[in-house]
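Student: Each chain is listed here by its residues.
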Amino acid sequence: MSLFSKRTATSPVTSYLSAFSKNDPHAVDDESSTPASSLSSSTTSDSEDTVIYDDDIDNADGLALPPRPPNSSEVFSTVHTEFGHCSNPKYRYLSQHTSGTSIPGHDDQNPEPPYYVLLSTYISYLLLICLGHIRDFVGKRMRPAAYRHLMPSDGYAPLNSDFDSFYTRRLKTRMDECFGQPVTGVAGRTIQILDRISPDFNHNQILTGSRTRALNISSYNYLGFAQAHGGCADAVETCIREHGVSTCGSRLEGGSSNLHVLAEALVAKFMGMEDALISSMGFATNSTFIPALVGKGCLVISDELNHASIRFGVRLSGAQVRMFKHNDMDALEALLREVISQGQPKTHRPWRKILVIVEGLYSMEGTLVNLPAIIELKKKYKFYIWVDEAHSIGALGPHGRGVTDYFNIPPRSVDILMGTFTKSFGSAGGYLAGNKDLIDSLRIRGHSGAYAEAMTPPVLTQVVASMASIMGIATPTMTRFDSSSTLQPSEAYHHPGPAPMSTLPTWLCLPPHLADGSEGTSRLRRIAFNSRYLHQGLIKLGFITYGHPASPIVPLLIFNPGKMNMFHRLMKDRQTPIVVVVVAYPATPLVSGRVRFCVSAAHTKEDIDTILRACDEIGDVLDIRHGVRPRWTIDQVCARALDLVQLS
Amino acid sequence: MSSTTESLNALLASLGQAFDKIPGSAVLVRYVKSSHQNDPGRTVLEVILIIFAIFTLLQSRTRGNDGRHFIKFEDKEIDELVDEWTPEPLAAPLNAFEASDLAAVPIIVGHNGPKPTLARQPTKMIANLASYNFTGLAGKEVIKERAIETLRKYGLGSCGPPGFYGTLDVHMTLERDIADFLGTEAAIIYSQGFSTISSVIPAFCKRGDIIVADRGVNFTIQKGIQISRSTVRWYDHNDLKSLEDVLDSVEKERKKRRGPLTRRFIITEGIFEKDGAMIDLPKLIELKYRKKYRLILDESISFGTVGRTGRGLTELYNVPATKVDILIGSMANGLCAAGGFCAGSQHVIDHQQINGPSFVYSASMPALLAVSASEGIDILRSSPSILTKLQQNIRVARTILDELDCISVPSHPASPIIHLHIRKPTPTLLHPSSAVSAGHSLKPSNPTSVLPREAVNWDWDTDAEERALQQVVEEALRRGVMITRAKRLRGQEMVEARPSIKLALTSELSTDEVKKAVKVVAQALKDVLRK
Ligand SMILES: Cc1ncc(COP(=O)(O)O)c(C=O)c1O
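Residue numbers (UniProt numbering), protein chains in the order written: chain A, 1 to 648; chain B, 1 to 531.
One or more of the hints may lead you astray.
As the list claims (entries may be wrong) - Covered stretches of chain A, as calculated for chain B (at least 3 residues, CB under 8 Å):
| hint | stretch |
| --- | --- |
| 1 | 212-224 |
| 2 | 245-257 |
| 3 | 347-353 |
Read the hints as simulated data drawn from the structure, not as lab findings.
In this text, all values refer to a predicted model and were calculated from it rather than measured experimentally.
Think of the CB as a built atom: it goes at the ideal place given N, C-alpha and C, for glycine as much as any other residue.
Chain A on its own, in the form it takes in the complex (with noise of 0.2 Å):
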């Protein structure tokens, strides 16, 4: 059954996709593998492309256009290059923890390279350093101009010294290429990099004024909501016209809007919890309520891995902080008892209360929080757990309720589950999601109600559209259902069920197939099965990842510096241009410098076939093929993606 097909083609888009499918002459016999260059002759003189592209289409790097033009029975409601179209039921799966199943933690899950690989790396980076060293003390000499901001000069002390700065300007100067690369357009499946030169290794950056299209495999776009065609998008613009950009102030002051209230009862539903506030950015969801809830004579236990925005709250709240290593139950344990036992540093006074800060989805790990442990430690050891869902909510669970949901654990055995809208939302923002009493005591002692701006309506529309669509929307025969038997909406409410209506603003009108949540299931299946192939596919082709099977962040182990950037460059420079994140040292360990893919529901196998193609080339140019074997075939793997995705 196609989740696609037998759908009324409302929008231009759609129409001129069907249109297409019937003029195209290669509809049928190129099936199997369309040369790009014969498809992009056949379809840059189509004159109704201006409708949704800003360039005319030219498929030279085969992301414009679907591999096979869609048939008639299939109907896609969203532009190729934002969302892509994949209409096989098979190249779906479900994000669900087979329980009985272990949870890795995280060393004895990752193989080791060998140790050639580890050696030159420490020496490349001795080497970077050895001469960034003698860079900086021949320049000063010969070169002080170069070097007087670094330096102490009339009276004032240099704002960045050299020694602080030195990392900056000697080891990723050299890769800056890799990094603030400016865009623009949608972050979707593809995205239109601003080409750059650099004719001073790297000190200026200047934009050549040309665009190159890539695949996107970089952003935070886990369901693809990254769109600004489709019903979210259509929403979006009619809550500008209405609530306009902006509401002028702080949630506690002036800036309160009916929207604000709406969202927050969506979230709650959402999430499964008895209430929820939203803020306006996801880091300072982090920073600036951690510090209401924990303060001096509180201990926060924070994973060593937890985001910068952890750190930040923890360390304004003035309490004490211990960390525990990554995902390490027994170190958690170990911890737990010595603290507890041990009571306050030196008056040995018993702690007012303990907070354990763990992320569900790491961020450069891909490892996915052992959850169903640190609750069962709840149990005995009465901590509070603050769980950060940045990226796990709507990439993870059969609902794409985060990690609970995959896991399923009820959500309410969590204290505080924190999230942001800026990944799978295509959004942006964070919520905190607990019980009432708590809630609006964040909501007066967090620092953001009383000072922050408010969420923008645009935003907040955005949140509510994409939230609705995985959810789907209680239709009124249900409704009316729920109000005839006698319970409260609210109680009526079990989780996770579709969005009430009650949440939702009167004018939001959502196309059917986002209203009924037929969208939003497919996007869950796509994301997951998306991660588990690719995830898959690079191990069977000898590569070293880690993280999570079912983790839609997946991270291809480097190690030398610099390979990070001839990856980098090698994967941009290709017919099918491919943008990748790579982290190296002091985001990662020193040697375990690496890639980072973030897969998307909006990837076609295709997509993913073409990812894993490309690094099965670049990996033997640069040796970075250090895991396991018997491999397979780069043909095989393409072949075999269903097996692949049962195999984890």
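Following the hints, put chain B with the ligand in place on chain A, whose structure we already have.
Tutor: Frame of chain A; chain B with the ligand shown alone:
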């Protein structure tokens, strides 16, 4: 002594034996020997390398408990202690006042503007003097049109931090627009106005650096200072004489201790969020140059509200913005969009691109909000009449408010936010700013404490004043004027600010409407406070 060397030798010997047993160790030994013979430098290099490797390995371990205070327990004892321990609840429930305060927050239905519709509205709305819509940009149709255009090209979210494909061309345009508007070399945008300065401060001020800050700075500056771990000295609120004294004492202290030259910053606000006072920028700049300090100036309230076209204090006082080393403003307040910015020299901006925590580790701002901000700047630039109108409305409001004897107004006459304090029947020196005139006779405050000397004389009853002011707010709303108390985080602020009502003026109301609205507020004040 000798026994330790002996045991060490034995250990080494056994280690050596163990090493010999490892297959391939002989090859390694030969390799090291020959390489040392050929190139002694290489051995040094390799030794450094190994030390480096060990060092990084050790670094990644988590910190243990310090040994001195550690008590050893048996497993059973630990279990008992764990059983005995009962934590406090995660959050204390709201008290009655907080709960009613939360329930009384006005909820706007539909568009916010000079006369919004509220969810619970007793009468027809006369005016909104609570929301930050200073120059009326919230209602501009052009902005909405441009926002929708942008939506259709970029979607909504950027789905990535600026470093990783989250930098859009519209962000760069906005940065350029801000830099051009202010006349600085460059600018950088953050996705939330409130988080901007608390991220900028720790990007520059490190442990050991010196910050001299005003005692009346807003909450987020306090948090930025706290997280920077720099040495802080405080000067009396909006008192440049006190600032100079503190700067001198810092210098004296440094000379005495022969400390190294560290970075030194003055941190203050253009118009203070806490009370609407305004600094004397030219004098401040003269002082910071003379004492060789860098100035971090928060213009979150003054940007977009003062100056001929809303460029802020630098325009008002006609000093080039380049003289402010680090200038922070808010697009959320001043431009009715979202986010904040920091403007300064190219160096200052580049530094934040890798060191500003909430810049690096947070997704970039949605494209349509960036474009709205750019459009807002365009409007301000091309129509100075808006600012004239705003200032006129402020004057109208002030004329009425200054005549009331039940309140005192600490705000500067040009400030778009007007704070109202309850005036005590006996004229004592209550507010920090009112102490300025008499300050000379007193001994100066202690610069290491955030509390000013006269804090001992602060005798207002915070709870009672908050309650009275909330009654005023509700009374005003009943008569159709939406105002708000300045909301504070009681118990979390460094200095508890005096309770106040905060009016936010807007250019969107006509002079008559402002007059009418402020009269309503004045009447409500009289009615409640005279009781
Ligand atoms: C775990 C975690 N928390 C919080 C954030 C911050 O979210 P935002 O980008 O919405 O500010 C991120 C973003 O990178 C994250 O990874």
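Student: If a hint holds in the structure, say so; if it doesn't, say that too.
Tutor: Against the structure, the hints come out as follows:
1. A stretch counts as covered by a chain when three or more of its residues have a beta carbon under 8 Å from one of that chain; for the stretch 212-224 of chain A and chain B the count is 5, and the coverage holds.
2. With 13 residues bearing a CB less than 8 Å from a CB of chain B, the stretch 245-257 of chain A meets the requirement of three and the coverage assertion stands.
3. A count of 5 residues in the stretch 347-353 of chain A with a Cβ less than 8 Å from any Cβ of chain B is obtained; the coverage claim is therefore met, three being the minimum.
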